[in-house]
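A.B. asks: The chain contents come next:
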Amino acid sequence: MGRARTIARRTFLIGSAAVAGGVVFGYWRYKTDYPNPLLDSLKPGEAALTPYVRIDQQGITVITPRAEMGQGVHTTLAAMVAEELDVELDAINVEHGPASKAYFNGVLLEEGIPFASIDYSQTAERVRAFTHFPAKLLALQMTGGSTSTPDGFVKMRKAGAAAREVLIEAAAKQLGANRNTLKTRSGYVESEDGRSVAYTELATLAADIEPPSDPELRPRSKWRLLGKSQPRVDVPAKSTGTATYSIDVRLPDMLFATIKMNPVLGAGMNAYDPSDAENMPGVRKIVPLEGGVAVVATNTWYAVRAANAIRFDWDSGTYPATTEGHFDVVKRAFADKPDSKFRDDGDVDEALIESVEVDGEYKVPYLAHATMEPVNAVAYLRDGKLDIWAGNQAPIQAAKDGAKIAGVDQDDVTVHTTYMGGAFGRRAEMDFIKSAVHVATAMEGTPVLTTWTREEDTTHDNYRPLAIARFRANVSQTPTLDLQVSAPSVAESQFGRLGMPVAGPDITIAQAAWDQPYAIPNYRVRSYRAPVMLPVSSWRAVGASQNGFFHESAIDEMAYAADKDPLEYRLALLKDNVSRGVLEKVAELSNWGGELPDGHARGVAFVMSFGVPVAEVIEVQKTGSGIRLVSAYAAVDVGVALDPRNIEGQVESGIIYGLTAAMQNEITVRDGRIEQQNFNRYDSLRIASAPDIAVAVLENGPKIRGIGEPGLPPAAPALANAVFAATGQRIRELPLNKHIRFV
Amino acid sequence: MAFRLTINGTVHELDVADDMPLLWVLRDELGITGPKYGCGIASCGACTVLVDGAPIRSCVFPASRITGEITTIEGLGTPEDPHPAQAAWIAEQVAQCGYCQSGQIMSAVALLDGNPDPSDDEIDQAMNGNLCRCGTYPRIRAAIKAAATTEQQDG
Ligand code: FES
Ligand code: FES
Numbered sequence: 000m001g002r003a004r005t006i007a008r009r010t011f012l013i014g015s016a017a018v019a020g021g022v023v024f025g026y027w028r029y030k031t032d033y034p035n036p037l038l039d040s041l042k043p044g045e046a047a048l049t050p051y052v053r054i055d056q057q058g059i060t061v062i063t064p065r066a067e068m069g070q071g072v073h074t075t076l077a078a079m080v081a082e083e084l085d086v087e088l089d090a091i092n093v094e095h096g097p098a099s100k101a102y103f104n105g106v107l108l109e110e111g112i113p114f115a116s117i118d119y120s121q122t123a124e125r126v127r128a129f130t131h132f133p134a135k136l137l138a139l140q141m142t143g144g145s146t147s148t149p150d151g152f153v154k155m156r157k158a159g160a161a162a163r164e165v166l167i168e169a170a171a172k173q174l175g176a177n178r179n180t181l182k183t184r185s186g187y188v189e190s191e192d193g194r195s196v197a198y199t200e201l202a203t204l205a206a207d208i209e210p211p212s213d214p215e216l217r218p219r220s221k222w223r224l225l226g227k228s229q230p231r232v233d234v235p236a237k238s239t240g241t242a243t244y245s246i247d248v249r250l251p252d253m254l255f256a257t258i259k260m261n262p263v264l265g266a267g268m269n270a271y272d273p274s275d276a277e278n279m280p281g282v283r284k285i286v287p288l289e290g291g292v293a294v295v296a297t298n299t300w301y302a303v304r305a306a307n308a309i310r311f312d313w314d315s316g317t318y319p320a321t322t323e324g325h326f327d328v329v330k331r332a333f334a335d336k337p338d339s340k341f342r343d344d345g346d347v348d349e350a351l352i353e354s355v356e357v358d359g360e361y362k363v364p365y366l367a368h369a370t371m372e373p374v375n376a377v378a379y380l381r382d383g384k385l386d387i388w389a390g391n392q393a394p395i396q397a398a399k400d401g402a403k404i405a406g407v408d409q410d411d412v413t414v415h416t417t418y419m420g421g422a423f424g425r426r427a428e429m430d431f432i433k434s435a436v437h438v439a440t441a442m443e444g445t446p447v448l449t450t451w452t453r454e455e456d457t458t459h460d461n462y463r464p465l466a467i468a469r470f471r472a473n474v475s476q477t478p479t480l481d482l483q484v485s486a487p488s489v490a491e492s493q494f495g496r497l498g499m500p501v502a503g504p505d506i507t508i509a510q511a512a513w514d515q516p517y518a519i520p521n522y523r524v525r526s527y528r529a530p531v532m533l534p535v536s537s538w539r540a541v542g543a544s545q546n547g548f549f550h551e552s553a554i555d556e557m558a559y560a561a562d563k564d565p566l567e568y569r570l571a572l573l574k575d576n577v578s579r580g581v582l583e584k585v586a587e588l589s590n591w592g593g594e595l596p597d598g599h600a601r602g603v604a605f606v607m608s609f610g611v612p613v614a615e616v617i618e619v620q621k622t623g624s625g626i627r628l629v630s631a632y633a634a635v636d637v638g639v640a641l642d643p644r645n646i647e648g649q650v651e652s653g654i655i656y657g658l659t660a661a662m663q664n665e666i667t668v669r670d671g672r673i674e675q676q677n678f679n680r681y682d683s684l685r686i687a688s689a690p691d692i693a694v695a696v697l698e699n700g701p702k703i704r705g706i707g708e709p710g711l712p713p714a715a716p717a718l719a720n721a722v723f724a725a726t727g728q729r730i731r732e733l734p735l736n737k738h739i740r741f742v
Numbered sequence: 000m001a002f003r004l005t006i007n008g009t010v011h012e013l014d015v016a017d018d019m020p021l022l023w024v025l026r027d028e029l030g031i032t033g034p035k036y037g038c039g040i041a042s043c044g045a046c047t048v049l050v051d052g053a054p055i056r057s058c059v060f061p062a063s064r065i066t067g068e069i070t071t072i073e074g075l076g077t078p079e080d081p082h083p084a085q086a087a088w089i090a091e092q093v094a095q096c097g098y099c100q101s102g103q104i105m106s107a108v109a110l111l112d113g114n115p116d117p118s119d120d121e122i123d124q125a126m127n128g129n130l131c132r133c134g135t136y137p138r139i140r141a142a143i144k145a146a147a148t149t150e151q152q153d154g
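Sequences listed follow chains A and B, in order. Position 43 of the first sequence, counted from 1, bears residue number 42 in numbering that gives the first Met the number 0, the numbering being contiguous throughout. Position 86 of the second sequence, counted from 1, bears residue number 85 in numbering that gives the first Met the number 0, the numbering being contiguous throughout.
None of these hints come from the bench; they were simulated from the model. It cannot be assumed that every hint is accurate.
Stretch-level coverage of chain B by chain A, calculated; a stretch enters the list once three of its residues show a Cβ under 8 Å from a Cβ in chain A [unchecked claim]:
1) 1 to 9
2) 61 to 71
3) 117 to 124
4) 135 to 147
As the structure is a computational prediction, the values presented were derived from the model and not from experiment. Backbone N, C-alpha and C define an ideal beta-carbon position, used for all residues, glycine too.
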């Protein structure tokens, strides 16, 4: 596998290679004119194969670089191959590919450039294509940004189609038949005279046949699997306790560790006294780390108990000691030069010179990812080789960091990506993997599972940044909106941890604020970059998670100021037809404008993020004891809906994750420490308060899009707007429960 | 301290600290990893197992004090031969990341065993201690109702 050879350069050229007992199909990658360290081992013009499909005696395996974190991607990617290859979905195994330099996620950085998603002009396409280059450069074999489906859509199907052609050719040889008379069905090639041969038996023969470099794909009208809901391949294991998450990996003679870090993030440890802990039952070793310790024991619980018995002298931190201090820093950044001004239509200053009819300041707090499975990893160092088992969104980076810590060659590191008990961006970070490798290095020869307790996980996250927005608007004459957003930079913080600088503005600060498809004549969006204080990171939907709230609250305030129905007002300002389509659909789905029971009220929001326009309506009920969520309606447009039921599930998930944060979650700082430690103070929406949800999936958009994130951003503003409709109270701060009670 | 536990019909001899919670006996001593660690403070339900049919949060319950029969998700059914609740979970495609689902299913089994046709309120009440960060609640409700219907038809 991964053999190199010289071929004329072309994009998306399919190839195959012989492997033990069979054949793999994949894509050639080229050494190109601009520097790309991933392909350094190749000579100019040479290519390396990225395998996608393997056929051998064991069966048919889809090799995917994309991690399954609950978004159903393994099923969708397998269905793409199965569709063209003529096999049943349940006949396909899915294997998460090893950390490989040959896997690129070219779509990931598309959102990071200043062209609105609906701008399909040539320039936008060109710049968007150019961002594939830094994605490769950064060696991001990354799962995130709702990119897996669009990235695999052509590649996976072509790999399946090429494999099918080759198998027919192989069968023609074996059966002595004319290939034009052969058909494929359910994993077999069949001849006119009733003979048939299984793909798996043709695997070796197929390895010698050159695949077509650009096989034709089936038209949608011929699809058997795609476009229809499929049972997810991971669901039976996840319903029977047999799915293996990294926390479930068990190896012979394995030990269990936990860590205890300075509660002030990033600050050091002056001294520690392990004397009580050392002699506690089960304890094997106490390993000093930078800014804390790890305790290794025969059982996680023994490790945790001992860690709590260690006395520490912690160093103090450099960031403000209180939440107010953090907000002050963010506020002060408004006085700086804008980091970006991607939207500047009409003349906002002129329009607002005489009067400002509506204005307001909004803010949102830091948030933790709080994945259901606390972060953890197994690491095992022996004989100069390092194995890492981790649910992770960026395996190449994991291998790189692991190699450095363990002092081994990167080629001697194997990263096993397991199922993830949630990720939401958290598992793109390397901190928990690094701590496991530090422990494994101190425990050479013994595999160790290092689990962060829920408390460590919550207090040492890389958080969704806090942010402040200001808006000023006029509605009675020419619609005018001036929006400013200030936040610490996720790109700066995240890339900083990878040792890389960020060139240009941080697009995430303005994401889903500057690029909304509203045709407001005077329309300006500026972003401001506040210094990084707590480490911040991608959190489901990234900048759109806060900017959806800011922007759509502002639009709602404008609608009410103009004395218009908030949904009609949005429709009047939206000129993009695909976007109008989701608003019209959600109106229909929710029977917007229809009679509501007493005490019920609704809010609407529209946010386009990751190229997906989403409109949501939330209905609440005002009760004597507080606000109750009644129902949520969503309409999304993904261009091509490969698996409608899975898409609906992702939207439901995004809504509940978004509502949870909007209603009740915040990470606050006091004495430099995070105040929330566990679910008792960082709780989630529970089943009793979860609304009924109806989702409509539309396919009018021009491109296929991923849906892991776009369902989230409209949830908070739709709820806040509903609360306003119910109570007349315009809440400009999240979480909403600082101002109202929910029941 | 040495003691015995009966788990999914098998008797296990143990010698661990007498205050070690059942969860850590299951996961780290016996390698029974279906019950999950989520919070350690009885706030999330990921660690739910049954003792004589009643749901407990195994992360806070000392193993040495348990005398009843313990059932974990592994004791219910397998992918090939799922328990009716598991079958409903699969049919409704509930799981996303799946990490909370062992606990969800154990709580649902306990509910359905005592109440074959639970109302919405009864479902909410029985399941409110089980958190799902992926927000699969709508489908959990649907799966419990589906399982209730099958059980009634079978019974
Ligand atoms: S781990 Fe036991 S309730 Fe959360
Ligand atoms: S399915 Fe992920 S936490 Fe419930």
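A.B. asks: Run every hint past the structure and note whether it holds.
C.D. replies: Outcome of the hint check:
1. With 0 residues having a Cβ less than 8 Å from any Cβ of chain A, the region 1 to 9 of chain B misses the three-residue criterion, and the hint is violated.
2. Interface restraint, the region 61 to 71 of chain B with chain A: violated (1 residues with C-beta to C-beta distance below 8 Å; minimum three).
3. Judged by the Cβ-Cβ criterion of 8 Å, the region 117 to 124 of chain B is covered by chain A as claimed, because 3 of its residues qualify and three suffice.
4. Taking a C-beta to C-beta cut-off of 8 Å, the region 135 to 147 of chain B contributes 6 residues in contact with chain A, enough for the three needed, and the coverage statement holds.
In summary, the structure is inconsistent with hints 1 and 2 from the numbered list given earlier, while agreeing with the others.
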